[in-house]
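Trainee: Residue numbers (numbering that gives the first Met the number 0), protein chains in the order written: chain A, 0 to 386; chain B, 0 to 386.
Hints in this document: simulated from the structure, not taken from any laboratory.
Small disclaimer: the values here were computed from a predicted structure and weren't measured.
Cβ coordinates follow ideal geometry from the N, Cα and C atoms, glycine included.
There could be a bad hint or two in this list.
Claimed, not checked - Cβ-Cβ distance ranges computed for the label pairs, FRET-style:
| no. | chain 1 | residue 1 | chain 2 | residue 2 | range |
| --- | --- | --- | --- | --- | --- |
| 1 | B | A86 | A | T374 | 54 to 64 angstroms |
| 2 | A | D253 | B | G30 | 24 to 34 angstroms |
| 3 | A | Q25 | B | E18 | 51 to 61 angstroms |
| 4 | A | T162 | B | Q27 | 48 to 58 angstroms |
| 5 | B | E51 | A | V72 | 49 to 59 angstroms |
Said to hold, decoys possible - In silico lysine-lysine, PhoX-like type, Cα no more than 25 angstroms apart, as pairs:
| no. | chain 1 | residue 1 | chain 2 | residue 2 |
| --- | --- | --- | --- | --- |
| 6 | B | K82 | B | K140 |
| 7 | B | K92 | A | K163 |
| 8 | A | K55 | A | K79 |
| 9 | A | K281 | A | K82 |
| 10 | B | K9 | A | K372 |
| 11 | B | K92 | A | K63 |
| 12 | A | K63 | B | K9 |
| 13 | B | K9 | A | K92 |
| 14 | A | K79 | A | K295 |
| 15 | A | K63 | A | K82 |
| 16 | B | K372 | A | K63 |
| 17 | B | K9 | A | K55 |
| 18 | A | K281 | B | K372 |
| 19 | B | K314 | A | K92 |
| 20 | B | K214 | B | K290 |
| 21 | B | K92 | A | K24 |
| 22 | B | K55 | B | K24 |
| 23 | B | K138 | A | K9 |
| 24 | A | K82 | A | K295 |
| 25 | B | K138 | A | K63 |
| 26 | B | K327 | B | K290 |
| 27 | A | K290 | B | K372 |
What the hints assert, rightly or not - Only part of the chain A face toward chain B is listed, based on derived beta-carbon distances under 10 angstroms:
| no. | residue |
| --- | --- |
| 28 | R31 |
| 29 | A60 |
| 30 | D253 |
There are 2 protein chains.
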Amino acid sequence: MKTEIAQRMKGFSPFYVMELLQRAKQLQAEGRDIVHMEVGEPDFSTPEIIVEASLKYIQMAEVKYTEAAGLPVLRTEISKYYKNTYAVDVDPKRIFITPGASGAFLLALGVTLNPAEEILMADPCYPCNNNFVQLYGGKSKFIGVNANSDYQLTADLIKQNWTKNSRGVLVASPSNPTGTVISEVELGNSIQQVNELAGCFFSDEIYHGLVYGKKANSALEFSDEVFVINSFSKYFSMTGWRIGWLVVPEYFIDPVERLAQNIFISTATHSQYAALAAFTDKNILELEHRKQQFEKRRDFLYENLLRLGFEIAVKPEGAFYIYANCAKFTDDSFQFAKDLLEQQGVAVTPGKDFGDNLSNIHLRFAYTASIAKMTVAIERLERFLCQ
Amino acid sequence: MKTEIAQRMKGFSPFYVMELLQRAKQLQAEGRDIVHMEVGEPDFSTPEIIVEASLKYIQMAEVKYTEAAGLPVLRTEISKYYKNTYAVDVDPKRIFITPGASGAFLLALGVTLNPAEEILMADPCYPCNNNFVQLYGGKSKFIGVNANSDYQLTADLIKQNWTKNSRGVLVASPSNPTGTVISEVELGNSIQQVNELAGCFFSDEIYHGLVYGKKANSALEFSDEVFVINSFSKYFSMTGWRIGWLVVPEYFIDPVERLAQNIFISTATHSQYAALAAFTDKNILELEHRKQQFEKRRDFLYENLLRLGFEIAVKPEGAFYIYANCAKFTDDSFQFAKDLLEQQGVAVTPGKDFGDNLSNIHLRFAYTASIAKMTVAIERLERFLCQ
């Protein structure tokens, strides 16, 4: 057999943090205590009510395939959630249950993106975004963003960067790695701009729910002609269950359904039944309590990073990340992260994982660890900086 | 937004059976009794021991992400399974846990197939095969097969049909829809032929385990330079759990891992822990008992279809399908299937779903229903034919 690997894999961005993760595991195996601030997974366990719903289902029923689009009753629950949370009407038929947000990206780009077409996205952004585009032979057009636009794209940036090869725009709010939220006005303008350009608007809303002191707007508040990617992983703490969803414009229902049938058959059934309990009042109450804890952690980490001399150009308002400028200490944040892990046992993610835009002087800190653990991390970080 | 749908979706083969399924549901809603012989899903529920393992895991632990390649302990179990079942050594590092066989196909073709390259496959075959190829901009080269080669490709057919654009060959044994098994000699020759042509050999082994009166050979018995797709859905009765696996040649480990990280993150964790119980002696005993029941159903259906005048060119030796020639009754098997459903409440799959090779005079009967139910179906079928 030829050892030739498909071309598309050459364009795949690596995860530099994997090298750090492997080393962290090694160190832990040797008995070292490591504080993990690199992990994009909530440390909270799945809420009891969701776990119970899953157990009950598995005990009572047979775990067979569902409809490719997902359980109708779950799609209806999500539709109600849009009504309650954003005051928008979304026909359940436009909602597809997917194996995580990953599955939602596979579908959304699969039905829209032709080879060689471009998707505009912010730099810094989540590395998988580019890789989904690469998968389908497309091109990512990275647009450097900064504090001036809260690290988000704007209608002007979209217009300036749009070419005849552009097919769509991806906005992630709250953003990974910056935690910043796009303003209501800018989101509305951006969607209008993309619609005028006859492009596709992809709104990554997987960190919705985890927004502090304000409310994030869904792209669906402005238009039905958008693709919205969401997930039960973050706000609902359901990472390992692998379940998310995609909202599509009406005329994309048919191709999305055909694609889902073929590449998934359906999403794990016991996860779908578990997710049915996610929207109950009791559960939302629990999740709001957790959100308050995330907010306290954000404040703790934000204040301490500033105190130690990191620059944080925009105070993050959502997700569980702080993207900190470490120019005061290094112009090689990857090496800095390696040394910090090696010497002090604190794992963080190098900016390099999120693009080329000043990434050598940025680090992403995740506050998916308790304040107690982060207190240890900050002490160690302080020691590291004072050497 | 432009309503343009990505080009790749145009090449997607439809599932004609969906039309029948929808109508069957309608009729059921109206109170009609329908015997389902169109369903590619075992009617057996997931074995108790697997269900128990999942419940125990969900109660005891947190359902978090696993490694992208899957739980190391599960990969080791699968490696042992290859040793015990086929007497082959497979390094667990070459085994990737995936969201069903669907996920395995996504990975295997994703790391090998470039746009415009061809994959050779038999006609008739499972419709999703072509659609995975379309997804990546490739081309399916359908090779008409018949009873002469047990509806399987042969080394000669591969050689005759190979062109400079060919990238690989897909063999499914037991085959869906024909249930036929490729012979040991022909499988070995085909793999050797593809290796000489420097192509990729993809072996769909998802119906392994469900082979009657003989043993199917794994492609891994002949070469390490093959991609093997397998699943917990069929033999292990775990459809709704969405879990399968992919074995890859050693030098494809790195790209497959990168692709899995990006497009799945990981496979549902509670399904992976459930699958750990799949290989226990107690469970295999239960599954072998079920296999005997499938064999009895195969015999029942085979004899009755012959008695009614259907032709079955090769007695199927595996899976749970019979691909029957209905030329004696019709040259439009799709219309035949619609009429049979409408008039007698028996649902079967039209040949049209599996290709163009005499598909207008073929029907696929699935024996995923009990003999009691199939007895009713045969009576109704007889009535239908005697009108």
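Trainee: For every hint, state whether the structure bears it out.
Mentor: Tested hints:
1. A86/B x T374/A: 54 to 64 angstroms: Check passed, 56 angstroms falls within 54 to 64 angstroms.
2. D253/A x G30/B: 24 to 34 angstroms: holds (30 angstroms)
3. Q25/A x E18/B: 51 to 61 angstroms: holds (56 angstroms)
4. T162/A x Q27/B: 48 to 58 angstroms: holds (52 angstroms)
5. E51/B x V72/A: 49 to 59 angstroms: At 27 angstroms between Cβs, range violated.
6. K82/B x K140/B: violated (34 angstroms)
7. K92/B x K163/A: Not OK: K92/B and K163/A at ~44 angstroms, beyond 25 angstroms, violated.
8. K55/A x K79/A: Satisfied, since the Cα-Cα distance of roughly 23 angstroms is no more than 25 angstroms.
9. K281/A x K82/A: The given pair, whose Cα atoms are some 18 angstroms apart, holds under the 25 angstroms limit.
10. K9/B x K372/A: violated (53 angstroms)
11. K92/B x K63/A: violated (30 angstroms)
12. K63/A x K9/B: violated (30 angstroms)
13. K9/B x K92/A: holds (22 angstroms)
14. K79/A x K295/A: violated (30 angstroms)
15. K63/A x K82/A: violated (30 angstroms)
16. K372/B x K63/A: Holds, at about 19 angstroms.
17. K9/B x K55/A: Not satisfied, since the Cα-Cα distance of roughly 42 angstroms exceeds 25 angstroms.
18. K281/A x K372/B: violated (44 angstroms)
19. K314/B x K92/A: Violated, at about 43 angstroms.
20. K214/B x K290/B: holds (12 angstroms)
21. K92/B x K24/A: holds (18 angstroms)
22. K55/B x K24/B: The hint is violated at about 35 angstroms.
23. K138/B x K9/A: holds (21 angstroms)
24. K82/A x K295/A: Outside the cut-off at roughly 29 angstroms; violated.
25. K138/B x K63/A: violated (32 angstroms)
26. K327/B x K290/B: Given pair K327/B, K290/B is violated - Cα atoms ~32 angstroms apart, limit 25 angstroms.
27. K290/A x K372/B: Given that 25 angstroms is the threshold and the Cα spacing comes to 53 angstroms, the pair is violated.
28. R31: violated (21 angstroms)
29. A60: holds (9 angstroms)
30. D253: Cβ of D253/A sits 9 angstroms from chain B, so the hint holds.
Of the numbered hints stated above, those contradicted by the structure are hints 5, 6, 7, 10, 11, 12, 14, 15, 17, 18, 19, 22, 24, 25, 26, 27 and 28, listed in ascending order.
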